[in-house]
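J.: As a plain string of letters, each chain reads:
Number of protein chains: 2
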Amino acid sequence: MEQRHFDKELSDLKQKLLLMAAKVETLINQAIEALKRKDDALARGVMAIDKEVDRMEIEIEEQAVALIALHQPAAADLRFLIGAIKINNDLERIGDHGVNIAQCALKLSGLPDVKPLIDIPRMAQLAVAMLKDSLDGFVRSDPSKSKQVCERDDQVDDIKDQIFRVLLTYMMEKPETIGRAMELILVSRNLERIADLATNICEETIYIAEARIIKHHAEEG
Amino acid sequence: MEQRHFDKELSDLKQKLLLMAAKVETLINQAIEALKRKDDALARGVMAIDKEVDRMEIEIEEQAVALIALHQPAAADLRFLIGAIKINNDLERIGDHGVNIAQCALKLSGLPDVKPLIDIPRMAQLAVAMLKDSLDGFVRSDPSKSKQVCERDDQVDDIKDQIFRVLLTYMMEKPETIGRAMELILVSRNLERIADLATNICEETIYIAEARIIKHHAEEG
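Chains as they are written, first to last, in the numbering used here: chain A, 1 to 221; chain B, 1 to 221.
Because the hints were derived from the structure by calculation, they are not lab data. Be aware that one or more of the hints could be misleading.
Since copy identity is lost for identical chains, a pair holds within one copy or between any two.
For lysine-lysine, the following BS3-like pairs were computed, each having C-alpha atoms within a straight-line distance of at most 25 Å [claimed, not checked]:
no. : residue 1 : residue 2
1   : Lys23     : Lys132
2   : Lys115    : Lys174
3   : Lys147    : Lys51
4   : Lys174    : Lys36
5   : Lys160    : Lys107
6   : Lys86     : Lys51
7   : Lys86     : Lys132
8   : Lys86     : Lys147
9   : Lys23     : Lys86
10  : Lys132    : Lys147
11  : Lys86     : Lys16
12  : Lys14     : Lys86
13  : Lys38     : Lys23
14  : Lys107    : Lys36
Just so it is clear, the structure is predicted and the values come from calculations on it, not from any experiment.
Based on the sequences and whatever the hints tell you, model everything.
T.: Here it is, written out as structure tokens:
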């Protein structure tokens with residue numbers, strides 16, 4: 001395979017990863033909307049989006065493996081393609097966490113609210129923004145952006161702790177809310193995992209960039 | 001690189017993955033022991049094992065990438081090596097879940113028991129056995145073994161549900177136990193994720209084997 005053809009295929013793969021990330025963002029946002037609006041149809045729609053995400057994962061992995069097999073790329077491109085395979089896998093798992101949130105939404109939709117939802121939508125916004133930026137950082141090979149995203153993980157963890165503490169007070173005061181409050185805590189844990197996986201994507205980007213720098217220096221020396 | 005050399009390197013890589021899996025098993029078992037015995041030193045030892053696991057992950061990935069770069073393996077070997085990279089990543093994450101359990105153990109060690117631990121050690125045993133068998137299935141390229149392991153995931157989910165229901169009754173009756181019961185529920189969720197990741201390892205093994213069969217048939221036809 002000639003270089004120009006390889007570059008085209010690589011840029012196509014990056015576009016597909018961005019599309020998949022956008023699909024996963026839609027999935028998470030819809031799961032949170034379903035939770036907020038108690039909308040069962042919206043929650044079930046999340047499962048349909050997840051099926052598409054699963055198909056995209058297989059397609060992207062096949063394409064990346066084929067590129068490695070046919071082009072036998074040099075070290076830096078090989079690293080990038082293997083990073084793409086790992087990140088693709090992470091995106092699929094993020095989709096699964098969105099499905100878990102939709103399942104919590106279905107369990108809660110017929111029940112009275114424990115409390116108005118304030119922190120969970122905010123936490124979701126942060127996690128989705130981290131996901132988006134982590135993919136941008138990877139596709140553009142921009143480790144400085146990825147480092148900024150990693151730092152935002154602490155904010156997400158702080159909100160998670162706050163959600164837990166506030167819900168704990170409701171559970172203590174009204175034990176009949178325990179089941180419902182637990183579902184909300186589970187939602188927050190899924191959002192935490194989404195932010196963690198976005199952090200993994202950033203770490204992979206930084207790892208690839210640093211390996212390139214180290215290799216570059218070694219070649220210069 | 002000649003074929004004999006490649007085969008030796010591949011078998012060395014498999015051995016390292018098995019060693020890493022054994023290390024991760026030790027880590028999980030020790031986290032559960034720390035929880036049972038309320039032993040803080042044992043819990044902190046889990047973090048030290050996790051550092052070793054993190055080092056092993058980097059080493060295995062580097063070795064697998066180097067094998068791809070130097071040997072430019074044929075389709076089936078390439079698929080196996082990419083599977084090894086993904087599974088290596090899963091093992092590292094399983095280690096992180098063990099660390100989460102050890103952190104729960106540290107939080108609970110100075111506090112009275114909510115109830116005697118019965119289901120959590122059983123759930124841990126099942127999850128660790130799934131992990132062990134999932135790696136054996138992968139290294140031996142034995143998809144029938146991997147299929148059996150996948151089926152055991154339902155048992156783990158059943159115990160997780162039972163743990164939740166039993167702890168819910170304690171929380172309802174004695175709201176002062178809610179904080180501690182929540183930690184135990186978190187332990188069970190981490191064990192659930194470990195079993196899920198073992199299931200992923202099996203699915204990867206099955207996927208690789210089926211791709212080989214499909215390819216084999218296509219070549220025969």
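J.: Confirm or reject each hint.
T.: Quick rundown of the hints versus the structure:
1. Lys23 x Lys132: within (11 Å within a copy, 35 Å between copies)
2. Lys115 x Lys174: The answer is both: 12 Å in one copy and 22 Å across copies each meet 25 Å.
3. Lys147 x Lys51: between (31 Å within a copy, 22 Å between copies)
4. Lys174 x Lys36: within (22 Å within a copy, 30 Å between copies)
5. Lys160 x Lys107: Classified as both: same-chain Cα gap 21 Å, cross-chain 17 Å, threshold 25 Å.
6. Lys86 x Lys51: both (19 Å within a copy, 21 Å between copies)
7. Lys86 x Lys132: Answer is both; intra-copy 16 Å and inter-copy 22 Å each pass.
8. Lys86 x Lys147: both (18 Å within a copy, 23 Å between copies)
9. Lys23 x Lys86: both (18 Å within a copy, 22 Å between copies)
10. Lys132 x Lys147: within (14 Å within a copy, 35 Å between copies)
11. Lys86 x Lys16: For Lys86 and Lys16, the Cα distance is within 25 Å both inside one copy (14 Å) and across copies (20 Å).
12. Lys14 x Lys86: Both ways: Lys14 and Lys86 sit 13 Å apart in one copy and 19 Å across, limit 25 Å.
13. Lys38 x Lys23: So Lys38 and Lys23 pass the 25 Å test inside one copy only (22 Å; across, 45 Å).
14. Lys107 x Lys36: within (13 Å within a copy, 33 Å between copies)
Every hint from the earlier list agrees with this structure, and none is contradicted.
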